[in-house]
Amino acid sequence: MTETKIPLDLILERMAEDAEKARQRASRASDVLLGELHYEIGSTPYEIVYEEDRVRLKHYLRNEEAENKPKTPLLVVYALINRETMLDLQPDRSVVKTFLQEGIDLYMVDWGYPTSKDRFLTIDDHVNGYMDNIVDFLRRKHGVPKINLMGICMGGTFCVIYSALHPEKIKNLITTVTPTNFDTDKGLLHVWMKDVDTDRMVRTFGNIPGDLMNFGFLLLNPARLMIDKYVGFMENMDNRDFVENFVRMERWIFDSPDVPGETFRQFVEDGYKNNLLIQSKMFVGEKRVDLKKITMPLLNFFGEYDHLVPPEACNQLTGAVGSADARDVCLETGHIGIYVSSRFQRQFAPRIVQWLKERDTVDKVETAPAQEMPAMSQEAPMKRPSVRKKPAIRKTGTKRKSPAKEKFMPAAAARKDKRALIQKIAEAI
Amino acid sequence: MADAGNPFPFNESSVFPWLKTAADMWLNMAKTIPPDSDTTLKTQTDVQNRFTRQLETSLNLFKSFSRMMNEPESASATANTMNALPEIFLKMAGSGFEAAMQIQNHLMEKAARIGKRTEAYNFDNLDQEVFRALSEVYEKELRQYLKIPPLGLTRFYQERFNEMLDKHNLFETTLAEFLSILYLPMEKSFNVLQEKLKQRTEEGNIPHDMKESYAMWLKILEGHYMNLFKSKEYTEALHRTLNKLEDFLIAKNEAMRDFLQLLPVVTQKDMDEMYKEFHLLKKRVKALEKKAGISPNTLTVVK
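Protein sequence lines correspond, in order, to chains D and W. Residue 2 is where the first sequence starts when you use my numbering, and the numbers rise one by one after that. Residue 9 is where the second sequence starts when you use my numbering, and the numbers rise one by one after that.
Hints listed in this document are in silico derivations from the structure and should not be mistaken for laboratory results. Treat the hints with care, as some may be off.
To be verified - Partial selection, computed: residues in chain D whose CB lies under 8 Å from chain W:
1. I12
2. L13
3. S117
4. R120
Said to hold, decoys possible - Calculated pairs, DSSO-like style, for lysine-lysine (alpha carbon to alpha carbon, straight line, at most 27 Å):
5. D:K274 / W:K238
6. W:K277 / W:K291
7. D:K118 / W:K290
8. W:K298 / D:K118
9. D:K142 / D:K358
10. D:K187 / W:K227
11. W:K299 / D:K142
12. D:K288 / W:K291
13. W:K299 / D:K118
14. D:K118 / W:K227
15. D:K142 / D:K70
16. W:K238 / W:K204
17. W:K155 / W:K277
18. W:K298 / W:K284
19. D:K274 / W:K206
20. D:K70 / D:K288
21. W:K240 / D:K195
22. W:K196 / W:K219
23. W:K227 / D:K22
24. W:K219 / D:K22
25. D:K187 / W:K206
26. W:K238 / W:K260
27. W:K260 / W:K277
28. W:K284 / W:K294
29. W:K291 / D:K142
30. D:K118 / D:K288
31. W:K290 / W:K277
32. W:K298 / D:K142
33. D:K195 / W:K238
34. W:K294 / D:K142
35. D:K118 / W:K260
36. W:K206 / W:K219
37. D:K187 / W:K155
Ideal Cβ positions, reconstructed from N, Cα and C, are used throughout, including at glycine.
Please model the complete structure; the sequences and the hints are all you need to start from.
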């Protein structure tokens, strides 16, 4: 009798082992899922210092003990899609925390949740309205003529538009995964958006529902985002840390405000369909957005494996602006991995801090002459809102790093621990 | 005259006296109502007066009719008509039956055409063609029934309701097609996985645990999805589905508005118009505030 090449006994033994493991996991998982779980996001304390309609400005409390603190405040503008809490997803993966530890005076725009009455708000209303008012508020508050500006995704596009229209108010510009060149077939979103009938969509929905967009994003990679992700969850649901982080990510992903209809229309028409921005042909508030007017230093991050905003959509900006100090940084990750992946916690935010500090020391913080400051005769003093309990901020020294290489190469192999799945999810988005 | 062969003879000798008695009774009763009597209460309304006048007119008409029917010529003509009634009924029923048969034949023809339409497709490529066939069958053979022009005062409401049903049917058909396309990579990935497993079994290199097989399948699936998403057919199906969904939602909103108008609530259209005015007004106020140096910050301030 010839011996079979297939080790059936081994396979059956493993199946039995797997079944036993699954039984034990299910038993432990019930303890975890029925027990107390902490999955809150955006837990770093902040205070609201400005409010206009649905828009609020968060001010985070920095580590005053940090060495060589940049004196110019940094304003972070998130996209209208999803929420800014992504930058503060969990305590050990928080861009916000890193900024604060390094002494950045951090402000972040919270766009809120648009309702039906916001459907007529255009890009002009967001950029020349809310953003400009916030920038003026910060300049006045800090007594500076210029602030630092950082944009994320669509928020980055808003920052590019703003910096081109109001270059006199921006000291340094940081764009991250920011689409500016829409004429590419690399990202599925770019392919699909070209044929979208925006008029009909806006007429039908008013504001574009966040759930509809989320469904579209899930369709970009259903194998990973609709199957593998949850298989991974089932395999690790007996691990409390894993479950908490997983639920945090889920909460963030599906916390999707609607996008004001008219803003969506202009973004798709002028961006995805006609690619006007990178050609300096886009008009916002009856003014042409001339990228050559962006003369301040520019740091432009993007993800090599980003399938929402592929590198081709981002990497033309530095060549199109008028700045002599413009740099691209491509990280080997996806759209969200830049911010939440543990691999890039030391490569993203600390690098921005370093870059800002270099420019703050070279160009000492400017004190605005009185005539340059926006006058607000009836500006009333702020009521200090109740501040949440401050966490202990670890005193850290400024990390001195060698100048950034144009392309970051990560460690050869990532640790294969329970975190790997969350990282995979982050990179798949 | 009664026909001996008629099973339902018309007996004018008993009908006409009854008709006359009835007319006289109603006329006498009407006379007892004082039309503009001083004794009537001042609360009596014009409506009541109108009712009295209407009754009087009707009774006069009844009286004339009764008088006319008493004439021998009329009685004879009526008797003839009544005797001919069964024949008339039979003719009417015949016409109705014929019409029903025509409709049924028409439907049978349509059903046959549906069969012909589906025959025209090659069902080897079942995944897509079957949905196109379904869609065409609906659009060419069934949709017309919802497109029959409605008549009368409520025609616009009926039209909008039919439109909603029509758009809903079209959306359902398109959605089914889209979902089937979306499922295609799953199906293909299982086939490819089976092939691979077969190949590895023959080589004696079968995956030792489920995880390995799962990882293999997932990779195949991801590859198939990427291929699908880049295809023109998928993009077209996606947009078609989105367009049909939007068509349905627009039609549904318009039909809903008709219902909402019956209720004391504002409609979406009313609100949109108000939002637009509100938005423009707010913009002007903000511009003026900026000129006047008033902060747009609405955070509660300490006075």
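Checklist entry - Is the hinted pair W:K299 and D:K118 satisfied, with a Cα-Cα distance of at most 27 Å? => result holds, 25 Å
Item to check | Interface restraint verdict for D:R120 against chain W (beta-carbon cut-off 8 Å) | outcome: holds, 6 Å
Item to check | Holds or violated: D:K142 to D:K70, with C-alpha atoms at most 27 Å apart | outcome: The given pair, whose Cα atoms are some 18 Å apart, holds under the 27 Å limit.
Checklist entry - Holds or violated: are the alpha carbons of W:K298 and D:K118 at most 27 Å from each other? => result OK: W:K298 and D:K118 at ~22 Å, within 27 Å.
Item to check | chain W contact restraint on D:L13 - CB to CB distance below 8 Å | outcome: violated, 11 Å
Next on the checklist: Next pair to validate is W:K294 with D:K142; report whether the Cα-Cα distance is within 27 Å.
Outcome noted: holds, 20 Å
Next on the checklist: For a C-alpha distance cap of 27 Å, please report whether D:K118 and W:K227 respect it.
Outcome noted: violated, 45 Å
Item to check | Straight-line alpha-carbon gap W:K196 to W:K219, limit 27 Å | outcome: holds, 20 Å
Checklist entry - Do the alpha carbons of D:K70 and D:K288 lie within 27 Å of each other, as the hint requires? => result Violated, at about 36 Å.
Checklist entry - Quick one, are W:K219 and D:K22 close enough, alpha carbons at most 27 Å? => result holds, 13 Å
Checklist entry - Given the hint that W:K260 pairs with W:K277, does the C-alpha gap stay at or below 27 Å? => result holds, 13 Å
Next on the checklist: Hinted pair, alpha-carbon criterion (27 Å max): D:K118, W:K260. Please report holds or violated.
Outcome noted: Holds, because 21 Å separates the two Cα atoms, which is no more than 27 Å.
Hint compliance for this structure: hints 2, 14, 19, 20, 25, 26, 37 are broken, all remaining hints hold.
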